[in-house]
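Can you join these two chains into the complex? Each is in its own frame, and there are hints to help.
Chains A and B are the protein sequences, given in the same order. Following my numbering, the numbering of the first sequence begins with 1 at its first residue and continues without gaps. Following my numbering, the numbering of the second sequence begins with 1 at its first residue and continues without gaps.
Honestly, I wouldn't trust all of these hints.
[Said to hold, decoys possible] Some chain B residues near chain A, calculated using beta-carbon distances under 7 Å:
| no. | residue |
| --- | --- |
| 1 | 195 |
| 2 | 204 |
| 3 | 207 |
| 4 | 208 |
| 5 | 211 |
| 6 | 214 |
| 7 | 215 |
| 8 | 217 |
| 9 | 221 |
| 10 | 274 |
| 11 | 275 |
Hints were generated in silico from the structure; no laboratory data involved. Cβ atoms here follow ideal geometry from the backbone N, Cα and C, with glycine treated the same way.
Listed below are the residues making up each chain.
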Amino acid sequence: MTDSRPVLTMTGISKSFPGVRALHNVDFQLFPGEVHALMGENGAGKSTLIKVLTGVYGIDEGVVTLGDEQVAFSGPMQASAAGVSTVYQEVNLCPNLSVAENIFIGREPRRFGAVRWGEIRRRARQLLTRLDLDIDVTAPVASYSLAVQQMVAIARAIDVQARVLILDEPTSSLDAGEVAQLFRIMRQLRDEGIAILFVTHFLDQVYGIADRITVLRNGTLVGEYPTAELPQLALVEKMIGKELDVLERIEEQPRRELAALEGGTPFVEVSELARKGAVAPFSLTIHAGEVVGLAGLLGSGRTEVARLFFGADRSDRGEVSVNGKPTSLRNPVQAIEHGVGFCSENRRAEGIIPDLSVRENMILAMQAARGWLRPIPRRRQDELVAQYIKALSIRPANPDLPVRNLSGGNQQKVLLARWLITEPRLLILDEPTRGIDIGAKAEIQKLVVQLSDGGMAVLFISAELEEVLRLSHKVAVMRDREMVAQLDNDDTVDADRVMQTIASGATREEVTQ
Amino acid sequence: MTTTSLTAGPRWARLPRRHVPVLVTLALLLVMYAVGVSQYRAFSNVQVIFNVFIDNGFLLVVAVGMTFVILTGGIDLSVGSVVAMTAMVSAWLLQSGLPALLVLVIALLIGPTLGFLMGCAIHYFDIQPFIVTLAGMFFARGMCTFISDASIPITDGFWTTMSQYRIGDPRGNFVSISVLIVLAVVVVAAYVLAYTRLGRNVYAIGGNPQSALLMGLPVGRTRIAVYTISGLCSAIGGILLSFYTLSGAPLIGVGMELDVIAAVVIGGTVLTGGAGYIFGTVLGVLVLGVIQTLITFDGSLNSWWTKIVIGGLLFAFILFQRLIGIRYK
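Next comes chain B alone, as it looks inside the complex (with noise of 0.2 Å):
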């Protein structure tokens, strides 16, 4: 048996498939996007994508951090209930008459904490992630009634300068301050992943946990991270809600770690691991975004429907998923 005929085929054949997921999402978004714009002239209008960005700013960086856990094949179910807590406790604090800064730090460490410990209970218990994180789900939710079962409003002044901060261009387009902070975050994180040691040990240990454990990659570190990583995505996600909302809420966010894992499946990330891009993960919450814009424009569709379509969406990708998968194999 001659070398060559070991391999596996044309390179042109080949070195798309794993992209071949992200791809099909970008087509889908531009398909969307042009059905919005022959459909609504105000459609076309630039404002409109960065609506999308600053309605679902903090849904993409809780679906950043998401994506890492998912790309360990792991879940995390605790990120919306983590994002009304970091609200809940930046608006309690703020009306207690601490410091914007201090509140800022305070809030920012909750979700870690929480996201570590939650991680550790995995790694040492070896508990699967599903339970651990519905746990903290339930308790970061009852933390927020705990602290309030109203909504606290925010006055703070350095809040509202967050929230009302127009960054523009002279035609009166323009971003909140929330947006890049959303672009920062999506920046480091899709270098950490494809850069850096701790990333490439998220795709191995998604590949086969036990070889990475064999090939001697620190697997109990990198699966604490991720969960850390995830809970500090949620304290963000819950700072530029606050930012957003200009208020913390017991009940905000319920159900949203239900729309990230939909956002970061139907951005090609795959649920059993190793295979996905933060890449996608945009995609996958802009696709969301230009849904719930559609339907607002439309004006005579219930909200409901976007969640009919995303779940259509949703069965759509993991079967197409299944599908380049057993071709795979």
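Bound-form chain A, shown alone (with noise of 0.2 Å):
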């Protein structure tokens, strides 16, 4: 890596749409051999750089070069052709179809035009054999979890003798496991000498894997820095510029407290609820003004357990109490009508309408709480929505601009205030800070803490256990579609042991108390 050349050159590269300066004289190098992680809030500009290198987008000024001939490629496909291939956040397969012709659609080996199928399959089981996954490669790709379909796509990627692979966020959706195995695959990878081009929110992975790292700030290159020279700090500082004091007044917060709030009466309780095939049986007491924290990997069963409380799933045994009267939660309205709100994990295929305007999504459910024969008057609608794009601080400040116009972070915040202007008693978040940038995580782990300190009770889901221990009270670990423990969040839970417990399954006394 010291002494060689670069594999790709960005020289100077400014794109603008309308209205918008997306990026301005960005430089960009990548070495063949190195991971290199490419840092940056939402809007940072990653994303475009990205777009404007596999010619998704055309460069308004600049130079791409790639190994010594300038390029301007006008599309993937070409891009993929000369060895610039790009793996998404969002896996793009077909599911319908086998992981072999996946990875080799659109270049089938054929003989006088017809597909040569052995030949397709013997050659993709060599493929995955060298990126370590021994799969049945003629099994249609939906039959295989998330991280194996994205390993796939990046068997696909590097088959076209890729010099450059771009892995645009591909960690956001694996558990920690998939993670590292995905992790071993870009060394591997980087060993043999390809350079990797590598887009992740989440900063311990790229001081797992990153060999150096660039970040980008509203559009402009803030610098390149080798990894090791670069505290995690300083990163940060560098991402988000002044506003790092936020992130670290929660840092400092105390342990929450539990104590103080068992003796009041718990908000739902639960005891023994399950869905067959979901989640086993499991009780679990929410107080008011409590944060219960739900950890556990991926397919755990966090997500059923949340939509068990909102009933959205219904439950199969088990009851449940609120406010210490015994009812049941069949259906979302009954939910909602027993002040239960859920921000759902997937954003985009469950909550945001994107083609609505942030007005239209943050008053849907009020909305819908009230029935949709009494519409609620405009001026109470601008209020309301004034005061919480205010509250959540949500940017651009425009009420009528549709969803889709905002970064994730944003949008999320206007899925939040959707539950929040319904004055929900229990707010259940389904991994409300994935895909987010520092500064509107920090937000909305502020914004917790805050309605938790009003009183309202939070069920929080996260894949990320340090935020997790920062904002709960109690801390319920899953493992298996089991309930394996409920931790207190006092001094003697750290991530370490959190980690344990999913790893090995909780000693049997900590399980319901």
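Rendered as structure tokens:
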């Protein structure tokens, strides 16, 4: 890496969209055999840079050089033919086709025009062996986990003799074990001399794998640093500029005390609640003003628990009481009547309606609660929306903008506002900070603290243990669709302990109290 | 986490799943045939099967084209009208004295041209296939009546030969030439879907058009191609129909598109696209044909029973596909 020449150089890149300067005079270098992290908040220009590189967008100014040649790709296909392949955050494969076909479709080996299936399967097996993946290549891609699909996408990308592999947030939906597997493959490809451009929001991952870091902010280059010479705090500072103190304030928050809350009546209490095939029976009590964290790996049943609390799935056994009165949560309407709000994990598919404006998206749940025959007066809408745009510092602060034009973090805030407007007594947040930048993340964390201080109960689900520990009074740990432990978040609990619990299951006396 | 734990289960439990719908249709067909044989002595005659092919050959060809369209997640409502228009144009041109070969070429060009245009409208203007092909359906049907509002008989020598020539065995069982054409279309279509890039792209688009685009597949070209293919199949179907009836009638094949869609779906092709086989479509058409034959053999049942049975079957099959689909996801 030291004496070799860069495989890819981008010099003086500028790109504007109507009304927005997305990139301004950005330089970027990528060497063979390195993992290079591209960091920046949402809207810093990371995706624009990638899209400019792969020809999705044209370049306004600047030069891209691949090897010794100046290039300007007309699209991702041409880019990948030249050795620049991209794997996107959302796995872009055809679920109905086999693993092997997904790797080769569009460039199948053929004889006299006929696709050579045997050859395809053989080469697919070869390629996946190289990635240390032993799966049946004839099975449809949809029958494998997201992680495996991600690897298949990478296999597809590197088959074309890739020199540059771009991984655009590949880890955002993987659990820890899967991330480790992905990293192993990344290291292996790096050692084979492939240059990897890695985009992620997870700082730990950057320090786990990246050799160098390039930081963008507001479409301009902040700088390029060897990972070893850039402490984590400095990186964050460079990414978000002066807003860093927000994060630190939350870091300094004392551990949340559970004792004070236990005296009051629980807001919701479930015992032996279960749904066949989704969650094993569990009991959980949430007090007013309490934040209960739900930790566990992807697929451990966290979301399933949340959906039971919201009535999105029906439990098939167990009892629920709200405010000490036995009741049931059979459907979301009932849950909403009881004051439960649910921000779903999948904000694209289940939450935000991209074509509606910020105002309409925010007002949705409240309107639903009132019934469609009693529209909320426009003035009241304006008041509420203005209030929450301000409270959550949603940017741009324009209630009439379609939500799809907002960044991920701001979309998440709009979704939050939708539920906050209904003044829920229990707010379920499923991965509210996934895939959003660190500034927005800090704001959402701060908000959770404020809300619970104000008496709202929160069920907080996150894959990031630090975040769960920072906010929660109590941490419930899920493993294999079973709630294996509930830990009071005191000084004895830290990320290691939770991780051990996840890894080993619980010592039985800790289960349900 | 070890790599082996990521695999999706034993091979035997998974592999047949995409074949399950076709196998179920096959089982259904065999059961229906067995019922027929056990009830009516003459049903076991080989000619009964041949007749199913002779009577439904044009339907099968059209269904093959429809299979391409449905595999991409689209739909083509124009097929029945295009069949009628092709037959109508042939009869009209023959009546006006054009040589048979020229008529054949012209008639075979109309369908694909209309299909191509509809495909372009669907792709370039991003309009739902439903509405574009609905427009095509009205247009083609209107053209039929524009040519003539009465049936035009065909007396051309080539046509009558094609209609009456029998290829048979010594025991008197026979098929028409049309059946051979139908089989040829089926084989070619099955090959195209399984072994050519065009065919594989059809499946890919049906699976996830967005991904297909990002994988660099020619989505637009493929989409236009399937409607053109469907148009071509409808044109061939129209010619076969005119061989069969020796006439062009403006109101023939009304509602045929719905029979065709039913046959394709019963044959195991999923309406949302991405899964299905030509072989399944063949079975689907045979199921329809055998139902008709059974009802004819019975003699006492009204022919509307065909529709009722098809309706029931169709409903059962989409429910079934849904259940499989849920497990699949």
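Consistency of the hints with the structure:
Given hint, residue 195/B at the interface with chain A, holds; its Cβ is 4 Å from that chain's nearest Cβ, closer than 7 Å. Annotation: residue 204/B was flagged as interfacial toward chain A, and the flag holds, the nearest CB pair being 5 Å apart, inside 7 Å. The criterion of a C-beta within 7 Å of any C-beta in chain A is met by residue 207/B, whose closest approach is roughly 3 Å, and the hint holds. Proximity of residue 208/B to chain A holds as hinted, the smallest CB-CB distance being about 5 Å (cut-off 7 Å).
Hint status for residue 211/B: holds, given a least beta-carbon distance of 4 Å to chain A, under 7 Å. About 4 Å separates the beta-carbon of residue 214/B from the nearest beta-carbon of chain A, less than 7 Å, and the hint is met. Taking 7 Å as the C-beta cut-off, the interface hint given for residue 215/B holds, the closest approach to chain A being about 6 Å. A hinted interface residue such as residue 217/B counts as satisfied when its beta carbon comes closer than 7 Å to some beta carbon of chain A; here the least separation is about 5 Å, so the hint holds.
Interface restraint check: residue 221/B against chain A, minimum CB-CB distance 12 Å, threshold 7 Å, status violated. Among the interface hints, the one on residue 274/B holds; its C-beta lies about 4 Å from the nearest C-beta in chain A, closer than the 7 Å criterion. At its closest, the beta carbon of residue 275/B sits 6 Å from a beta carbon of chain A; the interface hint therefore holds under the 7 Å criterion.
Of the numbered hints stated above, the single one contradicted by the structure is hint 9.
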